[in-house]
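Undergrad: Single-letter residue listing:
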Amino acid sequence: MSQSAHIARAAADSETYFQVQRFYARQMQLLDDGAAEEWADTFTADGVFAANAAPAPVKGRENIAAAARSTTERLQADGIVRRHWLGMLDVRREAGDLLSVRSYALIVETPKGGQAGVRMSTLCEDVLVREGDDWLVRERKVSRDDLG
Amino acid sequence: MSQSAHIARAAADSETYFQVQRFYARQMQLLDDGAAEEWADTFTADGVFAANAAPAPVKGRENIAAAARSTTERLQADGIVRRHWLGMLDVRREAGDLLSVRSYALIVETPKGGQAGVRMSTLCEDVLVREGDDWLVRERKVSRDDLG
Amino acid sequence: MSQSAHIARAAADSETYFQVQRFYARQMQLLDDGAAEEWADTFTADGVFAANAAPAPVKGRENIAAAARSTTERLQADGIVRRHWLGMLDVRREAGDLLSVRSYALIVETPKGGQAGVRMSTLCEDVLVREGDDWLVRERKVSRDDLG
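Respectively, the protein sequence lines represent chains A, G and D.
Under my numbering, the residues of the first sequence are numbered 43 to 190, in order.
Under my numbering, the residues of the second sequence are numbered 43 to 190, in order.
Under my numbering, the residues of the third sequence are numbered 43 to 190, in order.
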């Protein structure tokens, strides 16, 4: 959705904004560390990961974990360290204990012995659902900037 | 101003720091989405946008919107997605309801079908003025790192 | 330490998380501005800076200042503006007034008249100790992603 449509919703308060920052930091570190199962557990059991680079959405923790494991193994085989930077978070309240978050995600890669660089720039649109004082992703849609 | 001069002022509290992060996320997303008028509304009516890359400061919402529209149209014609990342915020209280913010801004660009990359690194120095529980830019000075 | 081991500790509350964000923004700006002594003062008197790129840890404020001064002078001689972006902060409480922070640090460089780019991507692991409502680094370990 466009930023204009997104901001029609009420902005999140400071405590929520902080929790979402904290959640993303931990979530991205788990992914970049190759902790595929713990990464998948940051989604709801029926969580959906959609991307404009993928033919179809990945659904459910097992499939999300499998996709992460496959990517991790490929990066390790290629000797590449990948880091996800999520930032510029616009956090909005939906009905009930739901948040809508529109953010930027930058993927930085470094080959062993080589030069670090930006691999991809993307837009990340999440629906988060409350889990105690933390959050889980119910739906994620990642749109790579290089794809029309 | 130098960081040393900047930090002579009192650091902002957590609620203010959060509000400024939230403000910048929304503001940069509006700019990157090409919402020129909504972007201009994040400045005061007599807001000033100065840059070491520009011959003279841009003054007032109409001129700020026109400049954004012109840049947006050029990027669209060139098939480039631009994203502004603002970070490393040092937020200081000035007299009254004013803030002085010194931050870094990174401009990431991706050509359609091409490789994402850092386009520019800059220093961003803002004076923000309170507007309810949100903020507006009264003065912005952007200094590109590549220019002496 | 791995992210999994790190997150076994209790996550920091919002006030602490904000203080750490604020601390890092100021600390990195001091370093990038070449304020070597003020940078060194963001470490404890016996602070330690270790890096997988360095033969041995740098210990104590005087040595930390000297190392920063040396790097600053080299960058100035080469006409390079360096900016440290620290982000994706995972902040954990250790015993007492100690924090363990695992974050990403990106080093962006711009030669005068030239093209900005990512110079290095690193993992930053800090132990912070409370100093009033602010923090000091007692131990820092920086691991460049390009080094095995």
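There may be inaccurate statements among the hints.
You can't tell identical chains apart in this list, so a pair holds if it fits in one copy or across any two.
Derived DMTMM-like pairs: lysine to aspartate or glutamate, alpha-carbon spacing no greater than 25 angstroms straight-line [as the list claims (entries may be wrong)]:
(1) K183 with E151
(2) K154 with E167
(3) K183 with D75
(4) K101 with E57
(5) K183 with E173
(6) K154 with D55
(7) K154 with E173
(8) K154 with D83
(9) K183 with D139
(10) K101 with E181
(11) K154 with E57
(12) K101 with D55
(13) K154 with E104
(14) K154 with D176
Simulated from the structure, these hints should not be mistaken for lab results.
Please read these numbers as outputs of a predicted model, since none were measured by experiment.
Undergrad: Does each hint hold? Answer for all of them.
TA: Structure-based check of all given hints:
| no. | hint | verdict |
| --- | --- | --- |
| 1 | K183 with E151 | both (21 angstroms within a copy, 20 angstroms between copies) |
| 2 | K154 with E167 | between (31 angstroms within a copy, 20 angstroms between copies) |
| 3 | K183 with D75 | both (22 angstroms within a copy, 17 angstroms between copies) |
| 4 | K101 with E57 | neither (30 angstroms within a copy, 35 angstroms between copies) |
| 5 | K183 with E173 | within (20 angstroms within a copy, 33 angstroms between copies) |
| 6 | K154 with D55 | neither (41 angstroms within a copy, 36 angstroms between copies) |
| 7 | K154 with E173 | neither (38 angstroms within a copy, 38 angstroms between copies) |
| 8 | K154 with D83 | neither (29 angstroms within a copy, 34 angstroms between copies) |
| 9 | K183 with D139 | within (19 angstroms within a copy, 38 angstroms between copies) |
| 10 | K101 with E181 | within (9 angstroms within a copy, 42 angstroms between copies) |
| 11 | K154 with E57 | neither (39 angstroms within a copy, 37 angstroms between copies) |
| 12 | K101 with D55 | neither (30 angstroms within a copy, 32 angstroms between copies) |
| 13 | K154 with E104 | neither (30 angstroms within a copy, 33 angstroms between copies) |
| 14 | K154 with D176 | neither (35 angstroms within a copy, 36 angstroms between copies) |
In this structure, the hints that do not hold are numbers 4, 6, 7, 8, 11, 12, 13, 14, in rising order.
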